[in-house]
Amino acid sequence: QRSSLSDGTRLAMQDHASRLVMASQRHRRPSKQTFARGASSSSSTDVLVKRPTPLWTLKATQLLIFAANVCLLRYITVYYDQLGLTRQQMGLLLVIMPLVSFFGQLFWSAVVDRSGDYKRTLIGTSLAGIVVVFSYLLPCVKGSLGVLMVVTLLHGFFASPSGPIVDALCLKVLAEEGVTKEAYGDQRLWSAVGWGGMALVAGQLIDIFGSSAMFFSYAALVLVNVGIIAKWMPGQRHRGSRSSSEEQASSTAFSDVLQKFEARWLLLNLVLYGILMALVENFLNVFLLQDFVGTPTVLIGLATAMMCAFEIPVFKYIGRLWQNGRFGAVTVLMAAEALLAVRCLLYAALPRSQPWLVLLVEPLHGLTFAGMWCATVEYARQLAPPGTEAKMQALVNGLFYQISFAAGSLLWGFLVQRPPRGLGFTRCFLLDAALICFWLVAWGAGWSLGRRKR
69 QRSSLSDGTR LAMQDHASRL VMASQRHRRP SKQTFARGAS SSSSTDVLVK RPTPLWTLKA
129 TQLLIFAANV CLLRYITVYY DQLGLTRQQM GLLLVIMPLV SFFGQLFWSA VVDRSGDYKR
189 TLIGTSLAGI VVVFSYLLPC VKGSLGVLMV VTLLHGFFAS PSGPIVDALC LKVLAEEGVT
249 KEAYGDQRLW SAVGWGGMAL VAGQLIDIFG SSAMFFSYAA LVLVNVGIIA KWMPGQRHRG
309 SRSSSEEQAS STAFSDVLQK FEARWLLLNL VLYGILMALV ENFLNVFLLQ DFVGTPTVLI
369 GLATAMMCAF EIPVFKYIGR LWQNGRFGAV TVLMAAEALL AVRCLLYAAL PRSQPWLVLL
429 VEPLHGLTFA GMWCATVEYA RQLAPPGTEA KMQALVNGLF YQISFAAGSL LWGFLVQRPP
489 RGLGFTRCFL LDAALICFWL VAWGAGWSLG RRKR
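Numbering (this note's numbering), first residue to last: 69 to 522.
No lab work stands behind these hints, which were simulated from the structure alone. Each hint should be verified, as a subset may be incorrect.
Okay, the calculated beta carbon distance ranges per label pair [as the list claims (entries may be wrong)]:
hint: 1; residue 1: Thr320; residue 2: Phe171; range: 13 to 23 Å
hint: 2; residue 1: Arg420; residue 2: Trp333; range: 32 to 42 Å
hint: 3; residue 1: Gln391; residue 2: Trp333; range: 44 to 54 Å
hint: 4; residue 1: Tyr385; residue 2: Val410; range: 14 to 24 Å
hint: 5; residue 1: Val509; residue 2: Arg486; range: 26 to 36 Å
hint: 6; residue 1: Cys505; residue 2: Asn392; range: 28 to 38 Å
hint: 7; residue 1: Gln327; residue 2: Arg394; range: 27 to 37 Å
hint: 8; residue 1: Gln422; residue 2: Asp275; range: 39 to 49 Å
hint: 9; residue 1: Asp149; residue 2: Pro431; range: 42 to 52 Å
hint: 10; residue 1: Gln157; residue 2: Tyr385; range: 42 to 52 Å
hint: 11; residue 1: Arg486; residue 2: Thr145; range: 30 to 40 Å
Calculated cross-link-like contacts (lysine-lysine; reagent style DSSO-like; alpha-carbon spacing at most 30 Å) [what the hints assert, rightly or not]:
hint: 12; residue 1: Lys299; residue 2: Lys187
hint: 13; residue 1: Lys249; residue 2: Lys384
hint: 14; residue 1: Lys187; residue 2: Lys249
hint: 15; residue 1: Lys240; residue 2: Lys299
hint: 16; residue 1: Lys127; residue 2: Lys210
hint: 17; residue 1: Lys249; residue 2: Lys210
hint: 18; residue 1: Lys299; residue 2: Lys210
hint: 19; residue 1: Lys240; residue 2: Lys328
hint: 20; residue 1: Lys384; residue 2: Lys187
hint: 21; residue 1: Lys240; residue 2: Lys384
hint: 22; residue 1: Lys249; residue 2: Lys299
hint: 23; residue 1: Lys127; residue 2: Lys384
hint: 24; residue 1: Lys328; residue 2: Lys127
hint: 25; residue 1: Lys210; residue 2: Lys328
hint: 26; residue 1: Lys187; residue 2: Lys127
Owing to the predicted nature of the structure, the values given are computational and were not obtained by experimental measurement. The beta carbon of each residue, even a glycine, is placed where N, CA and C say it ideally should be.
Take these sequences, add in the hints, and give me the full structure.
In structure tokens form, the structure reads like this:
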């Protein structure tokens, strides 16, 4: 009987021990493989962000995108010149690029707004852009204007969406994750670092290795950016793709916003401001090289670096004006336009024997561009209905960088010719200042009338 009791006790103890082991296994933390299997077996419509987006990835992406773009946008005319293209052919290609980019931005931003997937869209378009950019080096492209135009079309379509999509992502991340210590400008200032720094480096690389260096530099920077996006940037920002009814409601809301006076007046100002600013942005280097005595090439790079250097503090601190309620975005826009008129007057007054004096004017670029851009992005963010953030930023970006700059290039390209074929640079700067002042008065009066009607 003692032996039987001992055996029973032993069996009970073994059974209790086995239950403890099973319980401990049930409560044990699942392995990475188990979590991955569970995540993969879940519904595709239940995709959630598992971790916040590191803010440094937004800064790095801004820096790398603009550093890569300056390699081509600043020096593509060097490549055209080596191909022996005429000014008319160069002008045609320089107009095609921004127009195609405008529609490319709208298309890819609609893809992002519909799917919520910033990550795959950025990676896909970036890799496709690299392939297209390397096509510029093919003999068949160099030897045919028609083929070159096709490559330019594809380049504009695939390389265009990165800027506005990243802008929209910055705004979305800052809003969704409740970031209070940093604003959009804290992320965007790194674009000035990338643009200004790489403008100097790319010029040196092209002098040493030839025009092909611009394409390899572009590809290297974009690949680094793709690696950062793939490694650290989360995927979809909301629960899967939206239904057709949600998409229709979002499109309707977006259309309704564009019917409002505030949106139309903002976009009209953006287009006209871009046309008036195109004289400075697109022709300042030509002005320095052709109208001044003994302008060294290094001054062109220094002027660009000076402009970008003064963008940085404006990007960093301008947002505090409307965050603290001291000034609204519209007030900042008006101040930027007034300073642009002053900037044009100073260019016209520069003595032609002292090209280095242009460096004293370039600090104004900080507010005339960075201040204007931050205020525009902020106002567009306020206007954009939920789910249309990328589309709104693409519209703003495309209207300013593509449509208005293309129109401004055509307008000022004709007017800056020496008399009697044109007005010359001095008169163009004076005309630009007068037009800015006229539009500034008209735009301010429009805001006043529009608010009274409301």
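Each hint tested on the structure:
Distance hint check: the CB atoms of Thr320 and Phe171 are about 22 Å apart, consistent with the given range 13 to 23 Å. As the Cβ distance of Arg420 to Trp333 is approximately 39 Å, the hint placing it in 32 to 42 Å holds. Evaluation of the 44 to 54 Å hint for Gln391 and Trp333 yields a failure: the beta carbon distance comes to about 23 Å. A hinted range of 14 to 24 Å holds for the C-beta pair Tyr385 and Val410, which are about 21 Å apart.
Between Val509 and Arg486 the beta carbon distance is about 31 Å. The supplied range of 26 to 36 Å therefore holds. Take Cys505 and Asn392: their Cβ atoms lie about 29 Å apart, and the range 28 to 38 Å holds. Taking the beta carbon of each, Gln327 and Arg394 are about 31 Å apart, inside 27 to 37 Å as hinted. For Gln422 and Asp275, the hinted distance range of 39 to 49 Å is not satisfied, since their beta carbons lie about 26 Å from each other.
Range check, Asp149 to Pro431: Cβ separation about 31 Å, and the 42 to 52 Å hint is violated. In this structure, Gln157 and Tyr385 meet the distance hint of 42 to 52 Å, their C-beta atoms being roughly 44 Å apart. One distance hint, 30 to 40 Å for the beta-carbon pair Arg486 and Thr145, is violated here, with the actual separation near 20 Å. Taking the CA atoms of Lys299 and Lys187, the gap is near 10 Å; set against the 30 Å cutoff, the hint holds.
For the hint pairing Lys249 with Lys384, the CA-to-CA distance comes to about 11 Å; that is within 30 Å, so the pair holds. Distance restraint check for Lys187 and Lys249: the Cα-Cα separation of roughly 25 Å lies within the 30 Å cut-off, and the hinted pair is therefore satisfied. Between Lys240 and Lys299 the CA atoms are separated by roughly 19 Å; this keeps the pair inside 30 Å, and the hint holds. Between Lys127 and Lys210, the direct Cα distance comes to roughly 36 Å. Violation of the 30 Å bound is thereby established for this hinted pair.
Only pairs whose Cα atoms come within 30 Å are accepted, and Lys249 paired with Lys210 is rejected, the gap being roughly 50 Å. A C-alpha spacing of about 36 Å is found between Lys299 and Lys210, which places the hinted pair above 30 Å, so the restraint is violated. Between Lys240 and Lys328 the alpha-carbon distance is near 23 Å, which keeps this suggested pair within the 30 Å criterion. A C-alpha spacing of about 26 Å is found between Lys384 and Lys187, which places the hinted pair at or below 30 Å, so the restraint holds.
The suggested pairing of Lys240 with Lys384 holds, with an alpha-carbon distance near 18 Å, which does not exceed 30 Å. Straight-line distance between C-alpha atoms of Lys249 and Lys299 comes to about 25 Å, which keeps the hinted pair within the 30 Å bound. Note on Lys127 and Lys384: the hinted pairing holds, with a Cα-Cα distance of about 12 Å set against a maximum of 30 Å. Our distance criterion of 30 Å between C-alpha atoms is broken by Lys328 and Lys127, whose separation comes to about 33 Å.
For the suggested pair Lys210 and Lys328, the alpha carbons sit about 47 Å apart, so the restraint of at most 30 Å is broken. Restraint check for Lys187 and Lys127: the C-alpha separation of about 15 Å stays at or below 30 Å, so the hint holds.
Going down the numbered hints, you'll see the structure goes against 3, 8, 9, 11, 16, 17, 18, 24, 25, while the others check out.
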